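Number of protein chains: 4
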Amino acid sequence: MGALDVLTYRPNPSEFAWTFGGAAPIRRLRPETVLELWTEDAFGGKVRGPDDLVSKVVEFPFVNPQTGPFYVEGAEPGDSLALHFVSIEPSRDWAASTTIPLFGSLTTTHTTAGLQEPLPELVWMYEVDAKRRTVTYRAKESGFVVDLPLAPMHGTVGVAPAAFEARSSLVPDAHGGNMDTPEMRAGTTCYLGVNVEGALFSIGDGHCRQGEGESCGVAVEAAMDTVLIVDLIKGVATPWPRLENDDYLMSAGSARPLEDAFRIAQVDLIDWMQAEFGLARLDGYQLLSQASETPVANVVDPNYTCLTKIRKAYLPAVDVYSGAHTRLREMASAYSAERW
Amino acid sequence: MGALDVLTYRPNPSEFAWTFGGAAPIRRLRPETVLELWTEDAFGGKVRGPDDLVSKVVEFPFVNPQTGPFYVEGAEPGDSLALHFVSIEPSRDWAASTTIPLFGSLTTTHTTAGLQEPLPELVWMYEVDAKRRTVTYRAKESGFVVDLPLAPMHGTVGVAPAAFEARSSLVPDAHGGNMDTPEMRAGTTCYLGVNVEGALFSIGDGHCRQGEGESCGVAVEAAMDTVLIVDLIKGVATPWPRLENDDYLMSAGSARPLEDAFRIAQVDLIDWMQAEFGLARLDGYQLLSQASETPVANVVDPNYTCLTKIRKAYLPAVDVYSGAHTRLREMASAYSAERW
Amino acid sequence: MGALDVLTYRPNPSEFAWTFGGAAPIRRLRPETVLELWTEDAFGGKVRGPDDLVSKVVEFPFVNPQTGPFYVEGAEPGDSLALHFVSIEPSRDWAASTTIPLFGSLTTTHTTAGLQEPLPELVWMYEVDAKRRTVTYRAKESGFVVDLPLAPMHGTVGVAPAAFEARSSLVPDAHGGNMDTPEMRAGTTCYLGVNVEGALFSIGDGHCRQGEGESCGVAVEAAMDTVLIVDLIKGVATPWPRLENDDYLMSAGSARPLEDAFRIAQVDLIDWMQAEFGLARLDGYQLLSQASETPVANVVDPNYTCLTKIRKAYLPAVDVYSGAHTRLREMASAYSAERW
Amino acid sequence: MGALDVLTYRPNPSEFAWTFGGAAPIRRLRPETVLELWTEDAFGGKVRGPDDLVSKVVEFPFVNPQTGPFYVEGAEPGDSLALHFVSIEPSRDWAASTTIPLFGSLTTTHTTAGLQEPLPELVWMYEVDAKRRTVTYRAKESGFVVDLPLAPMHGTVGVAPAAFEARSSLVPDAHGGNMDTPEMRAGTTCYLGVNVEGALFSIGDGHCRQGEGESCGVAVEAAMDTVLIVDLIKGVATPWPRLENDDYLMSAGSARPLEDAFRIAQVDLIDWMQAEFGLARLDGYQLLSQASETPVANVVDPNYTCLTKIRKAYLPAVDVYSGAHTRLREMASAYSAERW
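Residue numbers (this note's numbering), protein chains in the order written: chain A, 13 to 352; chain B, 13 to 352; chain C, 13 to 352; chain D, 13 to 352.
Everything labelled a hint here was simulated from the structure, so no lab data went into it. On a predicted model such as this, the values are computed, not experimentally measured, just so you know. There could be a bad hint or two in this list.
What follows is a list of derived Cβ distance ranges for each label pair [said to hold, decoys possible]:
| hint | chain 1 | residue 1 | chain 2 | residue 2 | range |
| --- | --- | --- | --- | --- | --- |
| 1 | A | D64 | B | D159 | 30 to 38 Å |
| 2 | D | R144 | B | K152 | 52 to 60 Å |
| 3 | C | A36 | B | D331 | 28 to 36 Å |
| 4 | D | S348 | A | D64 | 56 to 64 Å |
| 5 | C | P161 | B | L65 | 53 to 61 Å |
| 6 | D | P62 | C | G247 | 50 to 58 Å |
| 7 | C | K152 | B | R293 | 27 to 35 Å |
Far from chain D, by Cβ distances over 10 Å, these chain B residues were calculated [claimed, not checked]:
| hint | residue |
| --- | --- |
| 8 | R40 |
| 9 | F115 |
| 10 | E195 |
| 11 | P269 |
Cβ coordinates follow ideal geometry from the N, Cα and C atoms, glycine included.
Put together the whole structure using the sequences plus the hints.
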């Protein structure tokens with residue numbers, strides 16, 4: 013392997029994207045480029061203490077800023093983009109979570125509309141200790157404190173959608189976007205179908221950690237220093253976002269109600285297994301019925317997201333996407349070796 | 013600890029229960045009794061080979077036979093039953109799964125009604141190797157074969173429901189029933205609210221293993237030899253089924269759509285934490301948002317089931333339900349020591 | 013036509029049924045009997061003024077008392093019951109509606125669970141003027157008053173369910189029950205599939221009027237004097253409740269989410285048209301796509317209910333259920349002629 | 013009233029819009045302009061006979077062409093647009109409906125994903141008789157033929173959405189779009205909140221008639237000659253589409269599951285009544301519970317749509333939106349008088 017192409021990019025606030033689709037690319041790059049990026053947190057860095065209520069300091073729709081979009085040379089509709097996350101590290105020693113009026117899974121919302129008063133708007137500040145690999149939760153009322161493991165991830169990763177659409181960075185759908193799955197962590201490769209020339213991908217919404225479902229709608233939100241490697245797989249379509257790590261294949265469905273997100277992910281993984289391993293659809297259905305894990309990602313965004321995962325150990329020994337994950341893993345090792 | 017009360021019971025086919033509620037108790041027992049039970053599989057043992065289609069060999073509503081109900085002396089509405097699973101072992105060396113017309117998550121059904129033709133009705137037979145702890149999956153079309161870990165569990169555990177209702181053994185709800193969660197395994201204590209005198213609990217629907225969501229609606233169905241210890245917690249109510257193992261507290265919500273099952277489980281665990289640890293509801297909401305796991309149990313039954321779990325390590329050091337799980341664990345050890 | 017069999021029945025409070033299924037019949041009758049019944053309101057008559065909050069005066073599960081069940085001689089599983097409503101008249105000059113904490117469509121509930129405070133519990137009393145055919149709505153805050161048309165109906169009509177179940181009178185499902193559709197009014201024939209010997213039907217939950225969806229969960233609740241004629245159609249099954257009046261055929265689906273109630277009703281009406289008129293299923297789908305009306309009945313009960321209706325004028329000139337509605341209409345005329 | 017500004021516009025195929033938002037305006041106009049428009053049918057006029065299957069003749073995403081967008085001078089975020097439909101008349105003597113694979117309410121879809129085979133793809137052609145005011149339905153299999161009333165409407169009416177989004181013309185949401193409600197007919201005024209300068213509204217998707225729910229996903233699709241009058245209401249926001257005719261006020265919610273569309277429409281109408289009549293929210297909730305009609309519009313599009321309607325006769329005698337509907341009605345009369 014020769015020298016790696018490395019592109020380092022740290023956006024100014026004026027350079028953020030607020031949609032997938034409908035935003036002009038801020039950089040062009042070739043496949044096999046390493047990207048060293050910085051992403052701001054979902055609040056634009058404005059929630060810094062207990063009095064920084066989102067309803068006061070954040071102006072809608074300037075929520076969930078994305079770093080991007082990046083134009084990938086050669087990417088055309090019908091291809092797939094592979095984004096391999098080498099590292100995701102919090103860039104500050106604090107992070108924030110909040111309740112937001114009429115947002116979250118355990119409240120009426122603007123969509124699941126009702127007449128009750130909104131929940132109180134509260135802010136929880138977290139200390140982030142990158143050395144000890146912890147974030148510190150502090151109850152507001154009872155004095156209870158606990159260190160939770162630091163488990164950094166990106167809530168939002170996506171490309172420009174199909175059908176000439178532009179979607180808010182708050183929305184997850186077939187183009188990826190705000191899926192809010194903890195599986196989007198270092199060591200994972202995310203495959204996304206290309207809908208427009210250049211693919212136009214962005215990332216954002218770093219979380220120091222997140223529960224499955226992200227029930228209050230807000231994770232431990234943090235700015236991130238993230239390294240990823242971009243690759244392009246020509247002539248292979250990806251209808252819904254797929255993820256791969258060393259142990260699992262995963263599909264991510266996004267829809268409402270939540271069972272539809274589950275269904276999409278199941279059918280997509282069945283179709284993926286059929287394409288890669290020749291497993292008949294009903295045989296795939298049976299295998300998933302006994303062997304799949306289906307972690308809920310979010311039950312709060314405009315679409316809910318649910319994954320279906322299956323262990324590679326339960327599948328025929330075939331490298332999917334022509335071995336893209338393995339190759340990207342090797343590039344990541346080469347990069348890390350060079351770097352440190 | 014003195015000698016354990018042990019009750020051994022193996023039902024004849026005429027003794028099965030087909031509902032929770034509305035069935036007369038087949039045995040009475042005192043709290044702290046060890047039960048050695050046998051449960052038939054969900055098909056009444058009638059699916060034994062690839063030609064035993066459910067639509068031919070099983071007569072509705074004689075599906076999912078339950079072993080029980082058992083009358084627990086002293087149990088009254090407002091109490092909680094604790095059922096600790098000591099061991100769950102397949103009683104045959106084979107198990108079966110199938111597709112069933114218009115049943116399952118990836119098809120129109122009698123409820124999510126439509127006009128398409130049903131999927132083909134197929135049977136997958138599994139070899140069960142209790143020594144190697146595997147079940148063998150064989151694809152019907154491509155020759156693919158894989159051993160999956162044996163992971164026995166009960167799909168159905170419940171008590172008589174409230175409000176004078178009798179519910180089919182196919183239904184999960186606040187009374188437990190057909191939740192189909194892989195967490196119902198040896199080592200787990202299940203807490204159920206008592207709705208009628210004697211509680212009238214039953215168990216059934218053994219699975220050698222099951223994927224999250226049980227997508228085709230049928231797990232690796234098997235008859236089981238199961239040992240459990242029954243306990244009664246007076247004066248403590250349990251609104252929705254709760255589970256506890258050495259590492260986790262869990263609540264199980266059942267409803268449609270799936271997000272409502274998620275919501276029920278989240279709110280129940282928040283209320284449980286508030287009652288046991290004094291954690292304010294919004295503090296509990298925040299903690300679950302960052303730290304809960306929410307495994308989907310089933311997306312196929314009349315209600316869908318989703319759990320919310322939290323690691324005990326993330327909680328104050330308080331034994332819930334006055335330490336029932338620890339006590340039952342010790343009784344299980346004493347029983348096992350006596351037995352083997 | 014000879015003399016009509018007339019059975020008059022007014023239950024004592026101790027005689028109410030609280031479930032469909034699981035309750036012993038209070039009367040036996042032959043097909044073609046006229047029933048003169050009295051039904052208590054859903055609150056057992058206990059909400060009589062603005063301070064009679066449901067949470068104070070009503071003890072769960074003693075809600076929605078049913079008059080019945082009635083055993084219909086000769087009724088067997090696979091038959092259909094026809095209940096023709098001759099008249100439904102409020103038996104008092106007042107009626108009541110309320111909000112109920114954590115119940116209704118515009119609030120979190122025990123199922124669509126959340127953490128917000130319940131809505132205030134308020135009572136609206138209505139004056140019922142049977143001569144002017146009005147009920148009077150009075151806003152609690154702004155002084156606004158309006159007379160709404162009196163449009164009496166029964167929210168709850170059902171038989172014992174299948175599969176040995178007993179269901180709370182609050183639940184609508186395939187057995188009928190708490191469908192809460194304004195179509196259940198005088199002049200309508202309701203067809204219900206028989207699941208157990210004798211059918212065991214009950215009625216209750218009179219409403220002076222109700223909006224589509226019954227959004228707060230409580231209509232203008234009233235005791236009713238109701239006359240209906242019971243008939244039995246041997247050897248014809250009815251999978252979901254069907255209604256017929258002089259102008260329309262209707263099917264009533266009950267499920268969650270609401271689209272599943274819609275789907276059930278559409279498929280049932282398509283199958284009904286196929287059975288009665290030989291209309292192919294896809295032709296029926298096309299016809300309903302252009303010509304069906306689909307009034308929402310309730311979005312508040314344990315299952316939501318939605319109807320599909322089609323004008324008889326758009327269908328082949330065939331009398332459904334062998335002309336049962338026409339025959340019952342004639343008996344109703346004969347009864348009324350005798351009576352007044 | 014002086015002379016009316018009249019703008020006549022008939023788009024070429026290259027001028028259609030395929031999204032709301034993200035398309036450049038094709039004309040600018042002042043408030044109080046009369047627009048004489050032509051709209052193509054949802055298939056671009058390409059389904060002309062039984063062999064013109066949508067999957068063959070229509071290329072996704074070139075579906076549901078819109079006539080527009082129009083830039084309304086002076087329109088700014090926070091204002092409301094009023095579109096009064098003067099007349100909607102089919103411009104051809106035929107219309108078409110079809111099944112489309114994996115689209116519709118009674119089939120698995122790309123979202124409610126499954127493994128069954130799609131339904132057969134069939135085309136039903138309709139004769140349109142503008143004089144007799146009928147469309148003729150012909151069953152494909154049984155020879156059944158019936159004339160249904162001609163009841164022309166627009167399925168799609170909307171403005172550019174908020175948050176920099178561009179949405180496919182197949183999507184209904186807060187910006188209007190593909191709501192598919194039969195209430196969008198001549199005599200109706202539609203109010204839409206303005207999200208961007210100029211509002212950028214479009215219309216399309218004419219239906220000769222449509223059942224509630226549009227169950228197969230395709231109405232009696234037709235090109236239309238449509239006259240509407242555009243007005244602007246400064247400083248009044250409209251959060252969700254609202255409709256007014258001589259007898260009713262209506263709100264249209266769009267979401268999944270269907271109960272959320274119902275909830276949105278109910279809450280919006282409650283808030284509208286509070287703003288215009290001072291009716292307290294809980295009083296409004298009570299009034300709608302007894303008096304609202306809630307017609308289902310579509311159960312097939314990316315969001316489902318449900319309306320809430322209330323008769324003006326049940327409300328205080330106040331003209332909403334400062335009497336916009338009455339004024340537009342008068343302008344319509346003036347236009348018609350001039351014209352014919």
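For each hint, the structure was consulted:
| no. | hint | verdict |
| --- | --- | --- |
| 1 | D64/A / D159/B: 30 to 38 Å | violated (54 Å) |
| 2 | R144/D / K152/B: 52 to 60 Å | holds (57 Å) |
| 3 | A36/C / D331/B: 28 to 36 Å | violated (46 Å) |
| 4 | S348/D / D64/A: 56 to 64 Å | holds (58 Å) |
| 5 | P161/C / L65/B: 53 to 61 Å | holds (55 Å) |
| 6 | P62/D / G247/C: 50 to 58 Å | violated (39 Å) |
| 7 | K152/C / R293/B: 27 to 35 Å | holds (30 Å) |
| 8 | R40 | holds (44 Å) |
| 9 | F115 | holds (12 Å) |
| 10 | E195 | holds (26 Å) |
| 11 | P269 | violated (6 Å) |
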